[in-house]
Amino acid sequence: MGYLKISRVEKTFVAGNRRTEVLRDIDLTIGRGEFVAIIGHSGCGKSTLLNLIAGLTEATKGGVLLEGREVTAPGPERAVVFQNHSLLPWLTVYGNVRLAVDKVFRTRKSRAERHEWTLHNLDLVQMRHAADKRPAEISGGMRQRVGIARALAMEPKVLLLDEPFGALDALTRAHLQDAVMEIHARLGNTMIMITHDVDEAALLADRIVMMTNGPAATIGEVLEVPLPRPRNRIAAATEPAYLRARQAMLRFLHERHRLVAAAE
Amino acid sequence: MQSSVARQIPQETAAPVQLARVTRLRIRPAARPAPRQWGAGLAASLLPPALVGLAVLIVWELATNGPGATLPPPSAVWRDSAELILRPFYVHGTQDVGLGWRVLTSLERVLYGFGLAAVTGVLLGAIIGQSIWLMRGLDPFFQVLRTVPPLAWLPISLAAFMDNRPAAIFVIFITAIWPILINTAAGVRNIPADYRNVARVLRLGQVEFFFRIMVPAAAPYIFSGLRIGIGLSWLAIVAAEMLTGGVGIGFFIWDAWNSSRLTDIIVALVYIGLVGLLLDRLVAVTGRLVTRGAGGV
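Protein chains in written order, with the working numbering: chain V, 23 to 286; chain F, 40 to 336.
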């Protein structure tokens with residue numbers, strides 16, 4: 023009885039006469055409130071898989087079910103935090119979140135409530151102080167925070183994070199990981215995060231989905247991380263469960279599924 | 040082996056910590072900016088054009104001062120057309136008014152033509168930019184049409200409208216629309232896929248997408264199109280007013296030529312140039328205000 027069910031998904035891109043099979047035989051069931059990390063080498067189709075769940079790309083075969091209903095198009099119940107934040111540069115931080123709030127809660131909340139809800143979500147990521155700034159005026163980490171606030175503000179059933187911290191420096195990344203963990207603990211959202219960072223996956227996820235290399239990539243292994251929550255990065259670094267997960271990922275990525283040719 | 044790793048790590052982190060010694064450095068105050076710089080900057084930007092202007096006047100005077108000269112020297116312009124220069128807003132009769140009034144009349148005409156071109160150009164450009172096939176099919180025609188000079192549209196426009204006023208506005212419209220259209224389409228084509236994905240996740244409708252994503256995202260392109268467009272429509276004013284007559288600055292030149300008032304034409308040219316520059320600046324500044332922040336992140 024899964025909350026989100028990906029069943030027998032296959033994705034082939036066709037460009038003229040060339041057919042590229044990106045994903046094959048993807049089967050995955052995710053429970054409500056679960057945090058799943060998807061890890062793999064670049065070019066292995068992780069982003070394609072996330073886009074399929076988001077509804078931004080259509081599966082060639084198979085399908086995605088959320089609460090028993092098939093995903094056919096993108097929608098706010100599957101909010102995406104994009105890799106490069108994708109904030110609209112002509113809107114302020116507040117305006118970016120408010121756009122999503124206005125669109126999703128137009129009929130359900132009054133104007134004042136939508137204002138409150140926008141500020142509330144900026145508070146969640148500690149960005150209220152920069153509400154009137156434009157994306158160009160804040161740092162990369164702050165932009166990503168706003169991206170998360172925008173996605174959270176849609177009250178999504180599933181929050182999809184597409185390598186959200188890949189472009190950030192290690193310290194900022196750690197900070198944001200803590201923020202995401204805290205939000206996950208507070209709101210209990212179902213979250214799916216793509217990453218290529220072994221530590222990030224082990225620290226954040228309940229389960230780690232490891233993808234084999236493309237073309238025709240598939241799920242190679244699924245790993246449970248039985249670390250109790252709330253987790254703390256310093257304490258976790260010495261926990262056997264954490265180290266085992268880390269070790270397993272490194273083995274998977276660098277022994278069994280080494281990237282032979284540099285991708286892209 | 041894994042358990043041995045687990046046991047080793049705490050020992051490493053428990054290594055004794057030694058405090059580093061802090062050396063405080065003396066901070067020198069920043070140098071104060073020189074107060075004279077502002078005035079110097081103004082002089083540096085005004086002095087060169089003033090000198091060049093003076094030099095041009097002197098060369099012009101010397102070149103056209105002789106008995107065989109076909110064009111009037113600046114001194115003659117001043118002698119014969121001083122009233123036009125000094126009093127832009129005099130009114131001596133319905134047809135005999137200062138150049139300021141004439142410019143305003145022409146501006147009204149240009150604003151009609153340009154306004155129509157802007158609205159149509161942005162809308163059509165937005166539609167065409169959405170489709171790679173429309174773009175491919177239409178772009179060659181636009182590229183040809185945009186090179187047609189305003190005067191060449193005159194006879195066709197007259198034949199089509201059979202009336203001076205709409206024909207004149209159409210000439211301005213058809214001259215100005217191409218760069219607006221082409222730039223808008225290019226701007227829409229270049230909207231980053233990320234913004235489109237944001238719109239899709241939010242399920243923005245067509246109209247919402249147009250106003251909330253497309254127009255602001257393409258605004259830098261649209262405004263450079265509008266800037267070229269306003270320049271072109273002001274260029275078309277003389278051609279347009281050869282049709283309409285009346286008190287416009289374009290017709291004034293045509294009329295002055297027919298009655299051999301060369302000095303008046305020279306003054307009118309300076310007016311047209313200055314107003315053209317002003318229009319260009321106006322659109323540029325508006326564009327900068329509207330698209331502030333939209334540049335890059």
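Simulated from the structure, these hints should not be mistaken for laboratory data.
Hints may contain errors.
Okay, the calculated beta carbon distance ranges per label pair [stated by the list, open to error]:
(1) V:R41 with F:P231: 25 to 35 angstroms
(2) V:H137 with F:A198: 55 to 65 angstroms
(3) F:I124 with V:A134: 52 to 62 angstroms
(4) V:H151 with F:Y129: 26 to 36 angstroms
(5) F:V329 with V:P237: 39 to 49 angstroms
(6) F:F249 with V:I256: 46 to 56 angstroms
(7) V:T34 with F:L184: 56 to 66 angstroms
(8) F:T325 with V:D154: 20 to 30 angstroms
(9) V:T34 with F:L317: 24 to 34 angstroms
(10) F:P231 with V:G55: 29 to 39 angstroms
(11) F:L184 with V:T94: 22 to 32 angstroms
Covered by chain F, according to a simulated footprint, are these stretches of chain V (three or more residues, beta-carbon under 8 angstroms) [to be verified]:
(12) 49-61
(13) 223-236
Yeah, the Cβ is synthetic: ideal placement off N, Cα and C, and Gly gets one too.
List, from low to high, the hint numbers that the structure doesn't satisfy.
Hints 4, 7, 9, 11, 12 and 13 not satisfied by this model.
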